[in-house]
Every structure is written in C-alpha cells, then in structure tokens.
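Asks: Residue numbers (the numbering used here), protein chains in the order written: chain U, 1 to 291; chain F, 1 to 642.
Treat the hints with care, as some may be off.
What the hints assert, rightly or not - 25 Å max Cα-Cα, derived DMTMM-like pairs, lysine to aspartate or glutamate:
#, chain 1, residue 1, chain 2, residue 2
1, F, Lys284, F, Asp261
2, F, Lys634, U, Glu157
3, F, Lys480, U, Glu157
4, F, Lys634, U, Glu141
Calculated from the structure, these hints are not laboratory results. This one's a predicted model, so the numbers in the text were calculated from it and none came from an experiment.
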Amino acid sequence: MQNTTTHDKARDAGLVCQLQEYKRGKMSDLYCKDLCMTFADPMSGSKVEALKDIQFNLKEGEILTVLGPSGCGKTTLLNMIAGFITPTSGTLSLGGVDIQAPGAERGMVFQQGALFEWLTVARNVDFGLRMKGMSEEESIELVNFWLDTVGLQGFGETPTYQLSGGMQQRVALARCLVNDPDLILMDEPLGALDALTREKMQSLILELWKKTGKTIIVITHSVEEALLLGERLFVMAPRPGRIHREYNLPFAEMGLKRSLREIKQEKEFSTIREEILTMIWDMEEEIMGGV
Amino acid sequence: MFDWISDNRALIALIVIIALAVSFVFSIFVGVKQTRLRAKDEVFGDPERTKGGWYWALCGVSALLLIWFYYSWGTARAVFPTAANELCQVAKVKEAMSPITAALPVESRYLKSTTLVVRNAAQVDKLAVSMPTQVFSAREQAKITLAVAQIKDLLAMLSNPQLSDPGAASALLAVEMDLQNIAARLKSDYAELQPQEEALEQPKWGTSEVEIPILPITSRGVLIDSVTPDMQEIAKAFLKVRNISPQAKELIAETKAILADLKTPDPLMQLNEAGEGARNAYVKAVDRIFKRLDDGTIFPATSMDGVQKAVDEVFVSLTDAKGSLGIVESLFFPGDGVVKSRTQCTEQGSGRWLPKPTDVIATFSTLANPDLESGGGYKGTTLLWWKWLPIADVIAFLIPDGLVDMLPGSYGTHGDSGEFKPNYKDRLLAVAQGDVNLGSVPMLDGHIWDSLFRVLVAMGFGILVGVPLGIYMGVSRFFKSFFDPMIELYRPVPPLAWAPLILTIFGIQDDGKIFLLFMVAFAIMVISARTGASGTQLSKIRASHSLGATNGQILRHVILPNAMPEILTGVRIAIGVCWGTLVAAEMLAGTTGIGFIENVARTVSDYELIWVTILIMGLLGLFFDLVMRWAIAKIIPWRGKG
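The task is simple: from the sequences and hints, build the whole structure.
Replies: This is the structure in structure tokens:
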C-alpha cells in the first residue's frame, strides 16, 4: 500500500516537472558563434589560443559528446558555456539569452561529483532549491522523485561521504536535475569510475536524457563512451582548439532499447571507433613530434 | 567528609597502592597476551581491532603512580605508619651529635682541623707574597713579615701533639667516655619502655601542619629519644674544648700586639686615599686569618682518634637499635631524608619536592571545600562553587559608562532646595554602573571558574571576530592584503611579552587578561579560518554557482562548512595556547585563578599546593581537549572523507 503511494507521488512529481517544461513554452537552443578564447601569460606576455572560431548550434533535447586529445580546449569550452569564464570574442547564447555568468538554467556535473560532504544526500540534492528560498517541506517530493529516478531510493539521510563513487555521481546528477536546467554540462562525469559502474552510469545518462528531454553536453576521454552517449559527436583538435570533425550517430537512440554491450559489437560502431582513435592518435603524435 | 579523607589517608593510600600493583601485573599479563594475538594486525590487519590498547594505558598509568607512591614515601606511610617517627628519633640523636661529627671525617672527607690548617696556611703564604710594599714603611714591612712568620709558627704549634694543651686532651677523653656510655645505653632492651600520653596525641604523620611528629610513639623510639638530651650536653662540652697551651697563649699575645700596632699607619708615610685603602685592606686580611686561629679550635690529628672511635661505636649502636627499621628505611625511604628541623622532623632529599599522594588529596580536599568559614577554598575564594550573581553587574560589565556619556543631553543638577531629580541620563548611568536591582541568577564561582571564564570569554570574542575576518581573508584579496600585515606583525610576539603592557593598560582585573587571551585566540582563529576558506575546492564553488547560489549564499553554505575542520582545529589549538597564557598571566597579576594559587604557593614553598594546581591545570587542559575531540567528531564527521 505504502509503495503505491510513494510511486504515485513520484509520478505526480514527474508530471509537475513536465508541466513546468511545457509552461516555459520556448525553445532553449544553444547558439555558439565565432567563439575564441585566448589565454595570455602576464609574465612572459605570450598568448595561447585555447579555442578559435568555434561555431555550432545545439537544438533543445540533443545530446552532444565532445572528444579530443588533452589540451584541445574541451573543458575551456564547457566552462565558457557554464559561464565560469568569459570568452575573448564571439557570441554564446542559450534560448536567445547571452551567457554572461553562471546560472541555474545551465547545470554542471563534475568529474569528482563536487558534492558537499557536510550535507546528507537529500540536502545535497535540494541545495539549489534551498538557495532559491524553497523550504525542505516544499522540496521533499521533488527530491524523492529525483533520488528514485537516479536509483538512490532511501539514501536521502545518508551522509555523502559514505557513498561509493558511482553513487556520488548519481547524487550529482540528481542535484543538477532537481534544479530543472535547460542544459546539462558534464565534465568527464564517469572518468573516475570503474568499468562496470561506468557502463551502468552510461545507461542511466541515456535513460535520463530520454525521460527528461534535456539538452546535454558530455565531455569524455573515452571514445566508446562518446559514441554510445552522443547523438552528435565533436572531435576537437588542439593548437588552436577547434572542432576537427563532427559526427551524427545512431547509437544513443539504439542504447535506449538495446544493451550497450550489444551495440559495442556492431560493425558500424567498431569502424567509427577505429576511425576516431586513429584521428586522435595522429593528433597526439603531432603534438609530441612538435615538442 | 574532607576530615574523614584526611584522617584515613594512609588507609586510602594502602588500598590504592594494592589496586595499582594488581592492575599493573594484570595489564602486563593481558597486554602481552593480546600483543601476541595481534602482532600482525597493528600494521596490516583490521584497524578496528587495534583500537583496544587500554591494558597498556593501564600498565603505564599504574607504573607511573606506583613510582610516585614509592618516591614520595606513600608506601612507607601506608604500610609502616610509625617508621618515620622512629627515624625522626634517630635524626634527633644525629642532630644532637652533629657538633662532634662536624669536627670528624664523618660526613666530610677531612678532619675539620686538617681543613683549617691547610686553608689558612695557603692564605698566609699568598698574603706574604702579595704585600703592597709601596704603602708600608720599611719598619712596618718588617713587622708584617714577623707577624706572618708567627702565624705560621702558631699553626705548627697547634698541630703538634707534644706542644698541645694537656687540659684539652683530658676534656676530649671525657667526651669519649660519655659517648661510649651512650653507645652502651642504646644497646639496652627497650620492650618495657612506654611512650608518653602527649606523644600519642600528636597529629599523625602527614597532616598539613606537622610533617613527622617529633615525640617518640614507639618503645624503640623512646629508647633512642632518651639519649638525645645527654648527647646535647656532650656536644656542648665538646664545643668548649680549646687547644691553647701556655706557649701558644704567649705567641698569640705577641702576634696580637704586632697586629694592633699595625692598625695605625706610620706617620712618616704620605698616603693618598687609595693607598690608605689598600693598606687597611691588607692589614685587615692578615688580622682576619689570625683571628681564625687564636681561639684554639685546631687540634693535633691524633688527639681526635679516641672521639672518632666512640662516635663510630654510637653509630653502630644506633644501627643495632634500628634493627628492622633499617631495612624499612633502605627499602621504602628513598633519598635518606628524615631530618630534624626546628620543632618537627621533615622530609628532605630527593623525595621532598614530589607531591605526596595522600597530602595532595588532603590539600585538594581543603581547597575543594566550598565552606570558606571552616577553612576551605583559598584566599577567600572557593575552588569551584556557585553564587548569586546580580544581573545588574552583568549589564554593568557589558555597557561601558562612556556609552551613556555620548547620549545627547546632560546629567541632572541639584535643585534650588538641594533636592536631586535624576533625569533619563542619570537613570541610564545607574544601569551602566550596576546601581539597579534586577534580581540575581545563580552563577558558577571560584578560582577554577574565574580561569575558565577568562578563557571562554576570550575564545568567544576570538571566534566571533576572527572567523568571519579569516573567511573574508580567505576569499578576498583586499581583506587578505589589508589585514595580513597587521596580524602577522603582532602574532609572532610571544603572548607573555604583551602581558606586562596590557596588564599595565587594563589593570589586573579580568579585562586585561581577557584582552590578552583575545589577542592570542584571534590570531589563531583568523589563520585557521583563512586556511580553511581558501582551501575550498574550485569545483564546489562552481557547482554552487551553477546551482544558482549567490556569492553570499556560497560564503555561508559552502565556504564556511568547508572551513569548519580547520576552524575547529584552530579552536582546539587556541584553547590550549590561551590556557597556557592565562596561567602565566595570572601569575603576573591578579587575585583569583589557578595561576594565582600556584604563584602564592610558590612564595611559601608549599609543594603540595603547587602540585595540586599543576594537577588541576593538567586535568582541565585534558578536559578541554576531550570536549573538543568530542565536538569535532560530532560537528564535522565528514572530516578527511570529502
């Protein structure tokens, strides 16, 4: 009996979310035009072009993965979209509004979770809501709904430092989603997890993407992960940081229905994987040779 | 209750000693067994299992306390309560005999006469060589040379058995006979002897006023005590013996005349002030050596043989009379320190400065007794108790009078018929000065509370001011650069170096000490809060930004909790440093507090009281630390796990 009630509540909360989405009634696409970022070393005066002329649009509901060798400016790009750093030139807007500073409409998930270890799981998740002035009583349903969604039922009162790495990332996802952002930015979210947990989390991300219809950008080092998660995939190249090649991929859509391991066996999958690996390998060679 | 503890302290000590011995053996047994079992766990095994090391703690504590009981004679006191009294009787005999033994190589290496001869001869030779010839006429020089030669002659004459005084020899023989008599008396049976009533009524060994009762309370003690008055007579007679033969008397008179003659300078010599000074100093030096010799206290070496033998006999008899007491003394009285001192015997030697466990308890129970009228507390203040505190006093402490002065308007004046009607400012002043009746609240009181209060108030202010400033310094370049030099300039100065200045400015009451401690706590809190705040991970701040938190919210909800471990560590360190500084500051000035008690105890050499204060301070410090450890575990369970 009680189970049913919880379930109903969770479903209701989900409806509330979808309703909010519906009410907003505007497309929140990401526009990115002629984006440049130049870091200047104040001591030597030398300049490094971290990013040059980045140009792309991301429609609402798309999932994008970004690959590239170290130092190609993936994280810089993400930090600019999040609003942590300001681009040297170019325009960057979400839903028609220029991105000036960090905001709650762009949620961020970090590699190490960046959880607040002094708070319980539930207080971590409702952090954004509390900052907006919502009381714990008001947010409790939303929190429970998202904890259920990421698979952390009953962990609300657990201190975060008692959780495993995978569970901590689930909390980070829930904390981001409860805020109902238009765009979710993930900076190597699964980089610190073991292979098995990683695969589970990949399914979870796809599932959440499907369920919420959010726009998602995932930065990763793993080619397989990029192929599995990305509806679109950018391979970036360094010096200056730029988008080298763009792919449109069917695997994310497939991953919603079939097991990820099966997809990895596909002929097409391994062909593209090898192609990209070679591409990145060559870039790395170039960097090493250049030094 | 406090009297009961005092009276039964020997019994309490005995029980404690037995308990300690048992737990010592037990904990060694358990510890060895467990160590064998866990040899591998300590490094590689289950850390939970290595937690229980209580048996080794018990072992260490018991060993320490047992050593304490041993060196402070606690065991002797508990098990042989009359031993010290008997040793006191021996000490009395030895003290009575000390004029005789001082002349013999008993406690020193040489005969007293040998020392006198050698030292004076050396000094005379040195003087003869260093005579300042320019201030003496030739005639005077001759006189001095003669006097010096005569002094040397006198030394030789006194040391010669053939030329010594026959009267002295017979007197020494009488002393020898008397001593032999005493040695014989000490050998007699003492079973029948009974101590006097008066002796039995003496306070027991170890109450605060009397260390060891002086009158004998055992038969053996009565026997040993009975020879003391005779020994005193013998010593008196011994001191009167003089070795001045007729020849020596003649020689002394001659030298005396020469030296008297030398006192007035030769009128032919023209001396300036410095010359006169040098002349007088030289003559005086010769005279001083002569005066050491003219009383005939130097005897020929062989003349003391008889006395020496008799003294040895007395010592042998004393050892015999002690019997089993000798074993107790060598086993349970380390330091050989029962000595007679004025009207009582006291404990001297290595064990003297150690706190005697039972006396520490007695001193502590007197201190802790809250009833000031019956002699409890210290200098009119209890150790830790409570009292009624008028609320008006608290308000007067918090509101400075100057604040009322700053209000608009002026104070009232007296009216035409001499009456005074207070206006609002007068009434507020009365409040600021505590001249109102607002009722009272129960409040802790006493030396410990005074010390605690100073530390707690200073810590409170230190945390209230230091933590916010430290956090702002951790996140803002302006705050850091502006305040850092100020704090870094005063912080390295040892707090006690500030104490004289601050106590001079603020006076010896609480505010001076609180301000001093505030300075200590403030610097530590600022540094720890700053370290904690600036150590916040960038990703956490970025995460909070993208969750929609404002800068103020991030400061309150992210940076402050993130800095908590460092802040609490800072509090823990600051309390320790404050406590140390406070005690020293109380020693400098003040009328209450633990440091004050210790300082007064120091001036009267009250070892037990000093130790009691040291123990109280140690226990309070330990208490602070335990509270902080508990608080840290409660407040920041995530520490080290983020």
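Asks: Now, for every hint given, state plainly whether the structure supports it.
Replies: Against the structure, the hints:
Using a Cα cut-off of 25 Å, the hinted pair F/Lys284 and F/Asp261 holds, with the two alpha carbons roughly 12 Å apart. The suggested pairing of F/Lys634 with U/Glu157 holds, with an alpha-carbon distance near 16 Å, which does not exceed 25 Å. A C-alpha spacing of about 38 Å is found between F/Lys480 and U/Glu157, which places the hinted pair above 25 Å, so the restraint is violated. Of the supplied pair hints, the one linking F/Lys634 and U/Glu141 is violated, its CA atoms being roughly 29 Å apart against a limit of 25 Å.
Violated hints, listed in ascending order, are 3 and 4; each of the other numbered hints is respected by the structure.
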